[in-house]
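These protein sequences, in sequence, are chains B and A. For the first sequence, full-length UniProt numbering begins at 1 and goes up steadily by one. For the second sequence, full-length UniProt numbering begins at 1 and goes up steadily by one.
Since the hints were made in silico from the structure, they are not lab data. Virtual Cβ for every residue (Gly too), placed ideally from N, Cα, C. Hints should not be assumed to be uniformly reliable.
As the list claims (entries may be wrong) - Straight line, CA to CA, 20 Å or less: simulated DMTMM-like cross-link-like pairs of lysine to aspartate or glutamate:
1. A:219 with B:73
2. B:13 with B:209
3. B:141 with B:126
4. A:204 with B:91
5. A:204 with B:160
6. A:369 with B:73
7. B:74 with A:203
8. B:141 with A:203
9. A:204 with B:209
10. B:55 with B:73
11. B:115 with A:9
12. A:219 with A:283
13. A:369 with B:67
14. B:141 with B:91
15. A:219 with A:11
16. B:141 with A:205
17. B:141 with B:176
18. A:369 with B:160
Claimed, not checked - Sample of chain A residues with no beta-carbon within 10 Å of chain B, all distances over it, derived:
19. 14
20. 99
21. 171
22. 224
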Amino acid sequence: MEKAVSTNALTKKFGSFIATNAITFDVAQGEIFGFLGANGAGKTTAMRMLCGLLKPTSGEASVAGFDVYRQSEKIKQNIGYMSQRFSLYEDLTVRENIRFYGGIYGLRRADIPAKTDQILQKLGIESVADSLVASLPLGWKQKLSFSVALIHEPRIVFLDEPTGGVDPITRRQFWDLIYEAAHGGTTVFVTTHYMDEAEYCHRVSIMVDGVMKALDTPAGLKTAYNVDSMDAVFQILARGTSTK
Amino acid sequence: MNRIRYMVEKEIRQLRRNPVLLRIMLAAPIMQLILLSYAANYEVKNLNIAVVDGDHTTYSQRLVSKFRHLTNFNLSGYLPNEKQARQTLLAGDADLVLVIPPHFERDLEKEGSAAVQLLLNAIDGSKAGIANGYATAIIRDFNADVVAETKVVAPGTVPQLDIENQYWYNPKLEYKTFMVPGVLFELLLLVGGLVSALNIVREKEIGTMEQLNVTPIRKHEFILGKSIPFVVIGLVLFTIGLLLGRFLFQVPLVGSLALMYVFAVLFLILCVGLGLLISTLAENQQQALFVSFFLLVLFILLSGLFASTENMPVWAQWLNLINPLKYIIEVGRNVMLKGSTFADVNRQFAALAGMAIGLLLLASWRYRKTV
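Excised from the complex, chain A in its bound form (with noise of 0.2 Å):
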């Protein structure tokens, strides 16, 4: 037991002597928190609209003021033709273009309708389709308007169906929320499992492993030696990144704060398990960091951290059965914005717990003390 301590002490030493990596290890998974959780965002903002106005009445100036007044919108001119319309989408200077035909107002006052046009970039589906829904609530908002004043009614003939829409868990859609749960055990994994990887195969590069190698210090002593440091550093991490998620981000930690470090101890178990794997697979840094890096982004974009698991297909949905990332972020999501408990998430627990054990043996069987 003594042993683990000595190794320990050691590892602490040596990274205390390495403030550069210390410093990056710390502040460089913070920055990535706050830009990821600031840049990385699906809320659309500033969409570029150009008009067509084929019919310069009254109402089609209301129809374009009521996008003018959103702050989802900025109107980038008119337009004489649809032809134009189509280039400036094509320059990019335009997401969506609205196109008013003529005879607009008379069509609504003596037809009762009328029809306009939407044009949208939609090289980027998600954000044209969100650009979409916006513009088809202002566009039913108007007509709503319109039907209110010319059509005279008596209250409670008209059929009427009211959405209201209310967000659960994330009532006003912030997408910081959202994210901040999530970068915070994708960070962890980076530090646990990618430089624990490194520390080590370092060792086997400079010579020192082979002669640790023939010490008498066993298996488990060098596995725990190496893995208790990075455990730790990484709680410290986790803890920081915590309290900026609460105080910088304002993302409310409903559920219990225990049970969120038993999962990130778990979970760092985890990593440092992946990183003494890969450490024993592989011959030097470089290989170390090849292989990390291919299963980090493997990782990280099939995890839902950016978009929604369920929709992926079959495969890729087998595929992460295996992604200890998948399993983690849906914990932080629903132990700090849902309030979940250990029972709502006993199925992660498992499914982590099995992977980290299965690691940890997978590891100290390939771990030999010969060359």
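Next up, chain B with everything else stripped away, as it sits in the complex (with noise of 0.2 Å):
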């Protein structure tokens, strides 16, 4: 039972727009989950569910062992979440940012400014702690932003495009920030059009206009298709240009 997050037949539909269709999967504890797609696919519907921001039209899903439908609040405790949007407040310094967020999340008051200290040495960012975070550049927001939805040490982390518009050395270190925290037992669940990540997840799963056509890791899947790279299995599945 130490799944992290159980779907069954979990769909929404906007209207007779089925964004999600009936998708079933599981993810365990500490795992890094890829869940891949083009726009529109439905992945940022389906993370929505998973964290409660979305009511699921129907089917099934828990996370961090708490049903979607009834216990969503439950949900945002165990949970942190860093969307396609920059969410950090930019009229507030990076000190004041982590202070706001870890008040919200519960951490204790006397607690707060040694996990800010933490998180500053980690980014190498001390220098600009007291600087307004809409002064920095794209990839240490990022790097910050992700800190921040690990504050309260959630069991499950949802990052939604975290990588989107940075450069490929930026995103490297951001990955290892995301080693780093599977590392130490969290759940990373991501979504991502970038290849090279896909090959980065423990497993990945590919959706297609809301239906999730394959899940599996990145090596099984290559054998599976016979090719040689992500980006290749990612066209096969996703132009229906199947050579099977």
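Once you've looked at the hints, go ahead and assemble the two chains, each given alone in its own frame, into the complex.
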């Protein structure tokens, strides 16, 4: 029962449009789970349902052992979330943002300064601790967002295209942070459309038009489709040009 | 409970980082208070009067000089005939024309009565009414002088009915005294309702609202965390307004200051409740601004700030039953000018408290932690 996420035929309809069509999967605790798909494939919708931001139309899902219909507030206590849109307060400083989210997540007042120092040190941004977030480069902002999403040491962290628009070096550093979190036992649920990032995941699922077309380890998928890169797997599935 | 503190702390920090907004929030209402109280004025001064004197006698001159000696009137000139008078009114060069017919003096002396004519530009009906009132009073005064001079009568036999007016609660009929308490609360509605709505909708736009919605923050913590800073700013504004009223406009405060603050807090809670409700309905700042502006104008025009609510049509009076500004302006004026106590305004208290609770309940029902 050590499932971080478990869904069964989870579906979301917007009117007659089916954004997520009966997806069923499990994510183990401590796993890095990649959620791939083209824009509009239903990744964000699925993630929002799991985070309690959207009510599913039908199907079942539980996150950290809590039901998404009835216990969404309990889920929120146990997850971190980093949305596509950058969502720290640009008009607060780095330190103030950490303090605010720490407080909202219920950290003890006395623990916040130590936690703040720890984050600043880890990201190597002590020098800008009292600068407004608006003045930071995008890559720093995203690493800070990720650290803030982990501030309450959640069991699962949901990352929605966390590395959009950043340079390859920063992306690499970002993935180091993800590995570190996973190593500490945090489950990482990440959507992306960078295929090199898909290679870093323990397991990868590929969504096409609201349907989960494939779910396996990167190596497993490459073998199954008889290609040598995740990019090729994705092309086959997303374009429907299967050679099989 | 702790989360509320962090919310309030964050709001205050953000406000301090936005000195332009802070300055606008404090300075603009104060300017409005000064401008509205001085400029939006129903006292009628500087009426331009033109005269058609068809008589050219001592009496006609005396009547004209009576007008000339009053500060409310400017004698703009003499006109040869009534046709010219009409054109002068049409051109806007005179607000009223006094027409003294030929044989005015002769008729007065021989027949004991004579007629004069007043032509008024009545596009602004209330101004014309007031001008008419002033002019009639002057003519009546002139009439009394003439009667006293010409008729030799035994004292006490002239039937005279003197009406002495005493204006209570605003003895000098100072328009500012009437306006300041009203404008003061109108401004609280602006800050409490509009600015709070825009603040929350902005969080929706920049995406921090979604981030907050995935945290375990509870509805009431969010609502209180957003409300408290605006209630506090509103009270600061209210205090500045009261001080300005007292020392700049010499508006009396006959009633209890504490009672004024009780109502200010209640009214601010109501305004923030309205702002929160608007923010749950609007997707972006444009929508929020439009809805708030529409409501504000409606509330202000119907509130009795400018025109007495009792003279409004019945349907408008029904609408006014849910106009918070109407109740609070009544309270402000009655407490400040008349010294009303809580017992005198408990009906308004009940109405405002009911609306505040209703708005907050609606807002928290509408506020969803989902997208």
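Hints versus structure:
With a C-alpha separation of about 11 Å, the suggested pair residue 219 of chain A and residue 73 of chain B falls inside the 20 Å cut-off, and the hint holds. Of the supplied pair hints, the one linking residue 13 of chain B and residue 209 of chain B holds, its CA atoms being roughly 12 Å apart against a limit of 20 Å. With a C-alpha separation of about 14 Å, the suggested pair residue 141 of chain B and residue 126 of chain B falls inside the 20 Å cut-off, and the hint holds. Proposed proximity of residue 204 of chain A and residue 91 of chain B is supported: the alpha carbons are some 15 Å apart, at most 20 Å.
Restraint check for residue 204 of chain A and residue 160 of chain B: the C-alpha separation of about 18 Å stays at or below 20 Å, so the hint holds. Only pairs whose Cα atoms come within 20 Å are accepted, and residue 369 of chain A paired with residue 73 of chain B is accepted, the gap being roughly 9 Å. Only pairs whose Cα atoms come within 20 Å are accepted, and residue 74 of chain B paired with residue 203 of chain A is rejected, the gap being roughly 24 Å. Note on residue 141 of chain B and residue 203 of chain A: the hinted pairing holds, with a Cα-Cα distance of about 18 Å set against a maximum of 20 Å.
Proximity of residue 204 of chain A to residue 209 of chain B is assessed by CA-CA distance (about 28 Å); at most 20 Å being required, the pair is judged violated. Between residue 55 of chain B and residue 73 of chain B the CA atoms are separated by roughly 13 Å; this keeps the pair inside 20 Å, and the hint holds. Between residue 115 of chain B and residue 9 of chain A the CA atoms are separated by roughly 19 Å; this keeps the pair inside 20 Å, and the hint holds. Of the supplied pair hints, the one linking residue 219 of chain A and residue 283 of chain A holds, its CA atoms being roughly 19 Å apart against a limit of 20 Å.
Annotation: proposed proximity of residue 369 of chain A to residue 67 of chain B holds, straight-line Cα distance about 16 Å (limit 20 Å). Note on residue 141 of chain B and residue 91 of chain B: the hinted pairing holds, with a Cα-Cα distance of about 13 Å set against a maximum of 20 Å. Straight-line distance between C-alpha atoms of residue 219 of chain A and residue 11 of chain A comes to about 17 Å, which keeps the hinted pair within the 20 Å bound. Using a Cα cut-off of 20 Å, the hinted pair residue 141 of chain B and residue 205 of chain A holds, with the two alpha carbons roughly 18 Å apart.
Between residue 141 of chain B and residue 176 of chain B the alpha-carbon distance is near 16 Å, which keeps this suggested pair within the 20 Å criterion. Distance hint between residue 369 of chain A and residue 160 of chain B is fulfilled; the C-alpha atoms sit about 18 Å from each other, no more than 20 Å. The non-interface label for residue 14 of chain A is inconsistent with chain B: the shortest C-beta to C-beta separation is roughly 5 Å, within 10 Å. Every beta carbon of chain B lies more than 10 Å from that of residue 99 of chain A, the smallest distance being close to 68 Å; the non-interface claim holds.
Non-interface call for residue 171 of chain A relative to chain B: holds, since the shortest CB-CB distance, roughly 51 Å, exceeds 10 Å. Against chain B, the non-interface label of residue 224 of chain A holds: every CB pair exceeds 10 Å, the least being about 13 Å.
The earlier numbered hints that this structure contradicts are 7, 9, 19.
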